[in-house]
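> The lines below spell out each chain.
There are 2 protein chains.
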Amino acid sequence: MREIKVSVPGKVILTGEHAVVYGSLAVAASINIRMRICLKASESPSQISINFNELQETIEWSSLDDYLNQGTIPGVICTFVKEAVLEPCFLSFSIENDLPIGSGMGSSAAFCVGIAGVLLKLKNVDSVEDINKLAFKGENLIHGKASGIDNTVVAYGGLISYKQGSITHLPFPEKSLKIIVVDSKTPKNTKTMVSKVRSTYEKFPLIYSKIFESINSLSEAFIQEITLGNLDNIKELLRINHNLLRTIGVSCQVLDDCVNEGEKLGIVGKMTGGGGGGICVFINEGEDVRAFREKCNERGWGFMEAEFSRDGIRFEEVNNDN
Amino acid sequence: MREIKVSVPGKVILTGEHAVVYGSLAVAASINIRMRICLKASESPSQISINFNELQETIEWSSLDDYLNQGTIPGVICTFVKEAVLEPCFLSFSIENDLPIGSGMGSSAAFCVGIAGVLLKLKNVDSVEDINKLAFKGENLIHGKASGIDNTVVAYGGLISYKQGSITHLPFPEKSLKIIVVDSKTPKNTKTMVSKVRSTYEKFPLIYSKIFESINSLSEAFIQEITLGNLDNIKELLRINHNLLRTIGVSCQVLDDCVNEGEKLGIVGKMTGGGGGGICVFINEGEDVRAFREKCNERGWGFMEAEFSRDGIRFEEVNNDN
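Just so you know, the sequences run in chain order E and L. Here our numbering is used: the first sequence runs in plain steps of one and ends on residue 322. Here our numbering is used: the second sequence runs in plain steps of one and ends on residue 322.
Hints may contain errors.
Put simply, identical chains are the same to the list, so a pair is met inside one copy or across any two.
Calculated pairs, DSS-like style, for lysine-lysine (alpha carbon to alpha carbon, straight line, at most 30 Å) [to be verified]:
(1) 123 with 264
(2) 178 with 123
(3) 235 with 137
(4) 196 with 123
(5) 191 with 40
(6) 203 with 264
(7) 133 with 40
(8) 185 with 123
(9) 203 with 175
Hints were generated in silico from the structure; no laboratory data involved.
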């Protein structure tokens with residue numbers, strides 16, 4: 001039996017969500033909240049076993065083709081097994097996850113990168129480039145047409161920017177940034193929000209174009225301020241970005257409440273991701289977070305302290321001798 | 001004795017405040033909440049008497065020069081008397097006012113236009129152009145460097161737009177628009193807000209320039225939608241404008257609360273004017289306003305129903321035969 005373990009970070013979008021659809025620059029960071037995937041491989045039986053929270057599924061190798069190209073957990077796993085051109089064998093995937101699912105923290109990307117990672121490693125491939133390429137196929141299965149931001153940032157770690165289809169790895173700041181991620185526990189609604197923005201954009205193209213251009217400049221400024229470590233300006237940019245997201249109607253009551261509760265306690269942040277629900281990200285450098293944590297508990301929101309993760313996918317030591 | 005009575009409307013800025021400082025288009029409307037000024041003139045004594053709420057002042061003609069060029073009520077009156085080249089006589093000004101003072105509803109402009117109106121009428125001049133020119137001098141005394149928007153819109157009535165120093169009279173919509181003006185009873189703080197915007201603009205010029213350009217397009221769209229009478233789009237534009245004003249930090253808790261309370265009841269509006277306090281303007285076409293009026297009373301806010309005023313300064317009939 002061979003055992004392969006990886007862990008993959010989650011991510012948050014720092015600036016530029018939604019505007020990115022219209023060609024603006026967006027910035028994302030991987031964060032040290034991780035998904036861990038363990039693959040145990042042996043010669044028989046010819047089955048794939050999946051163990052992910054309440055999902056316990058066993059798939060016969062002979063029916064593997066039935067799952068191909070489906071945007072589900074078994075679908076992605078079977079598709080990747082096929083892509084990796086593995087001979088029939090026993091593959092057991094166990095997944096442990098600290099990332100809230102479907103909230104914009106990159107759980108699906110971490111899953112795709114992790115599964116791609118363990119499978120390619122089984123074939124003694126461990127280049128992040130190859131892993132990321134395969135993971136991107138999974139993201140496309142799950143999300144329709146994915147941008148590739150999420151899988152790239154969690155595969156490589158660190159910070160990336162994205163604009164008009166091209167991804168740039170940003171220098172990791174000298175001092176990693178501590179953040180708070182608050183999960184509103186209201187499901188995000190990316191698809192509805194994207195089409196809401198589109199419909200107002202079509203009505204008022206000039207107004208919205210200028211807002212997207214403003215967000216583009218904001219992302220550029222953000223990269224600079226992150227490099228300089230200028231916390232006051234970083235916070236100011238997040239505040240502006242949140243309000244611009246509000247302006248285009250992708251925030252909602254609970255996200256505004258969340259940002260306001262932080263602001264009242266001097267903790268600055270913004271909604272992040274698709275909006276209409278989902279999560280908010282706050283800067284947590286020297287802030288006294290106790291009162292905010294309590295407020296979040298009181299409101300039934302998830303409260304996670306995290307920081308930027310320099311590492312992307314990480315192969316964990318395992319002893320394969322026994 | 002000769003008696004001259006005028007009434008002058010107030011105004012609200014509909015779109016473009018603050019951005020106008022950076023060259024964007026702004027739109028203002030005169031509204032049917034009025035200031036009434038009555039001048040009684042006779043040959044003697046050589047005094048100027050002023051009666052405006054708690055202000056009761058009598059100025060000897062011989063000391064008129066002491067008040068010249070002061071940005072106060074007696075200052076403006078004495079300066080205008082001098083500008084009108086009147087011989088010493090008895091002038092008694094009585095002012096009745098329904099406009100909240102210093103809240104951005106054009107009370108100072110209405111005052112300047114009204115005083116200019118009654119004084120020029122005494123010399124048998126009643127062209128709005130001349131009245132407006134003299135009123136502008138008063139606005140400059142009161143505000144330092146005024147844009148001329150306020151005196152122009154209340155002198156001529158109707159709607160105007162303003163961009164980079166030039167004022168355009170807009171066609172009055174076929175159907176006048178009903179609005180609600182809510183006075184937060186928190187003093188507005190234009191000077192502080194203007195310099196707050198300036199300081200962030202200097203830090204992030206590109207981000208803010210694009211926001212101002214967006215507001216410029218918004219004002220252009222607004223003029224079009226007002227002409228078309230498209231209420232849904234008018235409301236959407238006000239909502240966007242409020243959020244952009246929030247973005248540049250000139251709204252405040254009480255103004256946001258005010259807009260949110262309206263929004264909760266389906267009544268759409270925005271802060272208007274300098275911000276940091278002051279007033280909000282809402283569309284009131286077919287809305288059920290009772291609950292909103294009650295909420296405003298409960299919060300201690302002023303609630304005024306109004307509509308656009310086609311008329312500017314109006315000379316009221318008086319019987320001067322007796």
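> All the hints need checking, so say for each whether the structure fits it.
Do the hints match the structure? See the list:
no., hint, in the structure
1, 123 with 264, "neither (53 Å within a copy, 58 Å between copies)"
2, 178 with 123, "neither (37 Å within a copy, 72 Å between copies)"
3, 235 with 137, "neither (35 Å within a copy, 43 Å between copies)"
4, 196 with 123, "neither (45 Å within a copy, 60 Å between copies)"
5, 191 with 40, "neither (36 Å within a copy, 68 Å between copies)"
6, 203 with 264, "between (35 Å within a copy, 24 Å between copies)"
7, 133 with 40, "within (23 Å within a copy, 87 Å between copies)"
8, 185 with 123, "neither (39 Å within a copy, 72 Å between copies)"
9, 203 with 175, "between (44 Å within a copy, 23 Å between copies)"
When the structure is compared with the earlier hints, violations turn up for hints 1, 2, 3, 4, 5, 8 and for no others.
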